[in-house]
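*Asks:* One letter stands for each residue in the lines below.
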Amino acid sequence: MAMDSLAATPARMARSEPSRWDRLRVNRNWLGLWFMVPAMAFLLLFLAYPLGLGIWMSMTDMRIGRGGTFIGIENYVYLLDDRDFLRATAFTLTYTFVASIFKFAIGLYLAILLNNNMPFKAIIRAIVLIPFIVPTVLSAVAFWWIFDTQFSIITWLLRKSGLIEPGYLINWLGDPFLAQCSVIFANIWRGIPFIAITLLAGLQTVSPSLYEAATLDGASNWQRFRYITYPLLTPIIAVVMTFSVLFTFTDFQLIWAMTRGGPVNATHLMATLSYQRGILGGRLGEGAAIATAMVPFLLAAIMVSWFGLQRRKWQQGEAND
Amino acid sequence: MTDAALKAAQAPLTDNREGMSYLETLPRKVVTVYLPLFIILVVLLFPFYWMVITSVKPDAQLLDLDSSNPLWVVSPTLQHIEKLLFGSAYPRWLFNTMIVATVATFLSIFASVLAAYAITRIRYKGAATVGGLIFLAYLVPPSILFIPLSAVIHTYGLFDTPFALILTYPTILIPFCTWLLMGYFKTIPYELEECALIDGASRWQILVRIVLPLAVPGLISAFIFAFTLCWNEFIYALTFISSDHNKTVPVAIISNFVDGDIFRWGSLMAGALIGSLPLVILYAFFVEHYVSAMTGAVKE
Numbered sequence: 115m116a117m118d119s120l121a122a123t124p125a126r127m128a129r130s131e132p133s134r135w136d137r138l139r140v141n142r143n144w145l146g147l148w149f150m151v152p153a154m155a156f157l158l159l160f161l162a163y164p165l166g167l168g169i170w171m172s173m174t175d176m177r178i179g180r181g182g183t184f185i186g187i188e189n190y191v192y193l194l195d196d197r198d199f200l201r202a203t204a205f206t207l208t209y210t211f212v213a214s215i216f217k218f219a220i221g222l223y224l225a226i227l228l229n230n231n232m233p234f235k236a237i238i239r240a241i242v243l244i245p246f247i248v249p250t251v252l253s254a255v256a257f258w259w260i261f262d263t264q265f266s267i268i269t270w271l272l273r274k275s276g277l278i279e280p281g282y283l284i285n286w287l288g289d290p291f292l293a294q295c296s297v298i299f300a301n302i303w304r305g306i307p308f309i310a311i312t313l314l315a316g317l318q319t320v321s322p323s324l325y326e327a328a329t330l331d332g333a334s335n336w337q338r339f340r341y342i343t344y345p346l347l348t349p350i351i352a353v354v355m356t357f358s359v360l361f362t363f364t365d366f367q368l369i370w371a372m373t374r375g376g377p378v379n380a381t382h383l384m385a386t387l388s389y390q391r392g393i394l395g396g397r398l399g400e401g402a403a404i405a406t407a408m409v410p411f412l413l414a415a416i417m418v419s420w421f422g423l424q425r426r427k428w429q430q431g432e433a434n435d
Numbered sequence: 481m482t483d484a485a486l487k488a489a490q491a492p493l494t495d496n497r498e499g500m501s502y503l504e505t506l507p508r509k510v511v512t513v514y515l516p517l518f519i520i521l522v523v524l525l526f527p528f529y530w531m532v533i534t535s536v537k538p539d540a541q542l543l544d545l546d547s548s549n550p551l552w553v554v555s556p557t558l559q560h561i562e563k564l565l566f567g568s569a570y571p572r573w574l575f576n577t578m579i580v581a582t583v584a585t586f587l588s589i590f591a592s593v594l595a596a597y598a599i600t601r602i603r604y605k606g607a608a609t610v611g612g613l614i615f616l617a618y619l620v621p622p623s624i625l626f627i628p629l630s631a632v633i634h635t636y637g638l639f640d641t642p643f644a645l646i647l648t649y650p651t652i653l654i655p656f657c658t659w660l661l662m663g664y665f666k667t668i669p670y671e672l673e674e675c676a677l678i679d680g681a682s683r684w685q686i687l688v689r690i691v692l693p694l695a696v697p698g699l700i701s702a703f704i705f706a707f708t709l710c711w712n713e714f715i716y717a718l719t720f721i722s723s724d725h726n727k728t729v730p731v732a733i734i735s736n737f738v739d740g741d742i743f744r745w746g747s748l749m750a751g752a753l754i755g756s757l758p759l760v761i762l763y764a765f766f767v768e769h770y771v772s773a774m775t776g777a778v779k780e
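Heads up: the sequence lines are chains A and B, in that order.
So for the first sequence, the numbering used here puts the first residue at 115; every next one is plus one.
So for the second sequence, the numbering used here puts the first residue at 481; every next one is plus one.
Calculated from the structure, these hints are not laboratory results.
Watch out, some of these pointers could steer you wrong.
[To be verified] Just some of the chain B residues that point at chain A, by a computed CB distance under 7 Å:
#, residue
1, Ala591
2, Leu629
3, Cys675
[Stated by the list, open to error] Covered by chain A, per the in silico footprint, the following chain B stretches (three or more residues, Cβ under 8 Å):
#, region
4, 605-619
5, 641-647
6, 665-671
A virtual CB, placed ideally from N, CA and C, is assigned to each residue, including glycine.
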């Protein structure tokens with residue numbers, strides 16, 4: 115339609131009235147859309163869609179190889195009566211809680227230690243991160259061997275140091291309680307480097323002059339940590355711990371590599387249970403229901419660690435003024 | 481400052497950290513810093529030491545803790561590694577992992593560069609919201625997605641092909657890389673782009689000729705970190721791959737080496753060791769990029 119007038123009045127008209135193609139090429143919003151296409155395609159097809167599909171699947175009796183029919187919340191009602199599911203939920207919460215607390219405490223301590231001036235500082239910091247670099251499954255295999263019943267090196271060390279009688283074996287991964295402790299230990303071991311290194315990055319932004327001023331005012335070691343380090347570190351602690359809690363709660367590989375949920379289902383996390391029921395057992399609907407049941411916990415964890423720590427930051431900001 | 485130093489010299493008990501570390505005496509530092517640090521490092525590194533030792537130990541020593549010190553190896557052997565490399569499909573698995581990780585990483589970086597540039601620089605309508613949504617996508621863990629995703633993979637006919645992994649890994653990587661690159665792009669001055677616009681460059685030219693060369697450190701960080709995440713990935717690879725010759729190293733180690741064989745430990749540890757080596761070597765070359773990737777993604 116505009117073609118005629120365009121042809122009649124050349125250059126100037128064309129500039130003031132861009133063609134549709136120009137608009138698609140130059141307009142901010144269209145251009146933005148083009149740039150977003152690859153990322154959005156991946157995220158919509160393989161993230162958003164499965165997320166919705168998972169919730170729908172959790173309300174069907176779908177099995178591998180056959181489509182399901184809608185059965186409402188029957189899967190969830192069934193799960194609420196299922197001892198293994200309740201046990202897995204309880205253990206997932208314990209696992210997350212205990213491991214996160216230890217990871218945080220030791221990680222922060224390690225970060226403070228690494229923040230000291232010392233020879234070979236760079237190399238030591240690089241070494242600390244190695245457990246984080248090595249694939250979880252592969253280090254879990256090493257732990258599996260360390261916690262082997264017959265040939266455990268820990269048992270051997272205890273035996274040599276005289277803490278247990280010679281010939282006595284500890285059934286690390288065979289006894290329910292010990293197995294739970296072992297996997298929690300492995301998780302703490304694996305999580306510390308990430309927390310230590312990110313907190314160290316936060317520590318390095320704290321100006322030393324604050325500590326000098328506080329020392330001149332007679333602050334003790336603990337006071338300097340409590341009233342300088344901790345408040346200034348809170349924002350980064352909030353983020354790091356949110357991530358840590360999230361990834362601990364949804365952990366799968368460590369458990370699968372070390373115990374596969376055993377002995378007697380004692381170390382099942384919700385993720386491993388949902389794999390066992392959904393993929394190995396073929397009851398996709400039930401597996402999806404277990405996976406979906408994690409979502410409220412995740413949201414709660416994000417809320418608590420995020421808002422809880424944020425508010426404390428404001429309070430301390432006021433108190434420090 | 482000099483007064484404080486004098487005072488501290490007279491009373492060495494004033495323990496000062498950080499900027500005042502020169503005031504600390506060595507013995508004190510040994511107890512408060514070096515000793516705890518040493519203990520933590522030993523615990524952190526012991527599993528790797530144990531991995532290495534086990535993978536070169538002869539079977540007889542592996543299964544007899546009492547005749548020789550198990551913490552050391554008397555006559556090291558390469559038989560486990562040899563068995564692994566020439567007597568199993570391990571090279572094939574290593575190759576699979578490498579291919580999947582490389583392709584998925586390149587795909588994700590490509591998509592993330594475009595997305596991050598659009599969000600930070602083109603600033604289309606709703607860019608901030610999309611940025612927030614991408615961050616939320618970062619928080620969606622694979623372990624709640626794998627069951628519906630396996631249904632999706634079946635529908636698309638991708639089950640048990642490398643494409644199942646190549647196409648699903650970017651969902652983990654894109655949110656992370658986009659977020660990281662957004663941070664880098666924000667630090668590039670606007671004026672550079674304005675100059676290029678005036679000289680008649682298109683958005684694409686600006687991105688390729690001006691922004692990307694300046695964001696190389698960010699690209700390296702994103703690349704290395706994404707590659708590590710791919711190599712590390714387990715649950716998708718376990719669920720979407722069933723035949724032996726398509727498996728990745730972590731899955732193959734868990735499912736193919738674990739049989740009733742009591743002599744499996746040597747090869748198992750050798751497999752774990754060789755499977756981690758590429759990442760450790762990569763890490764050794766790019767430590768700073770690694771740390772900046774980790775902290776950069778957290779700080780944003």
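*Asks:* A separate judgement is required for each hint: does it hold in the structure or not?
*Replies:* Verification of the supplied hints:
Given hint, Ala591(B) at the interface with chain A, holds; its Cβ is 4 Å from that chain's nearest Cβ, closer than 7 Å. Contact between Leu629(B) and chain A, as hinted, is supported at the beta carbon level, the nearest pair being about 5 Å apart and thus within 7 Å. A cut of 7 Å between beta carbons decides the hint on Cys675(B): the least distance to chain A is about 18 Å, and the hint is violated. Using a Cβ-Cβ cut-off of 8 Å, 6 residues of the region 605-619 of chain B lie near chain A, which meets the minimum of three, so the contact claim holds.
As drawn, the region 641-647 of chain B meets chain A at 1 residues by the rule of a beta-carbon pair under 8 Å; below three, the given contact is violated. For the region 665-671 of chain B, the stated coverage by chain A is violated: 0 residues have a C-beta nearer than 8 Å to a C-beta of that chain, whereas at least 3 were required.
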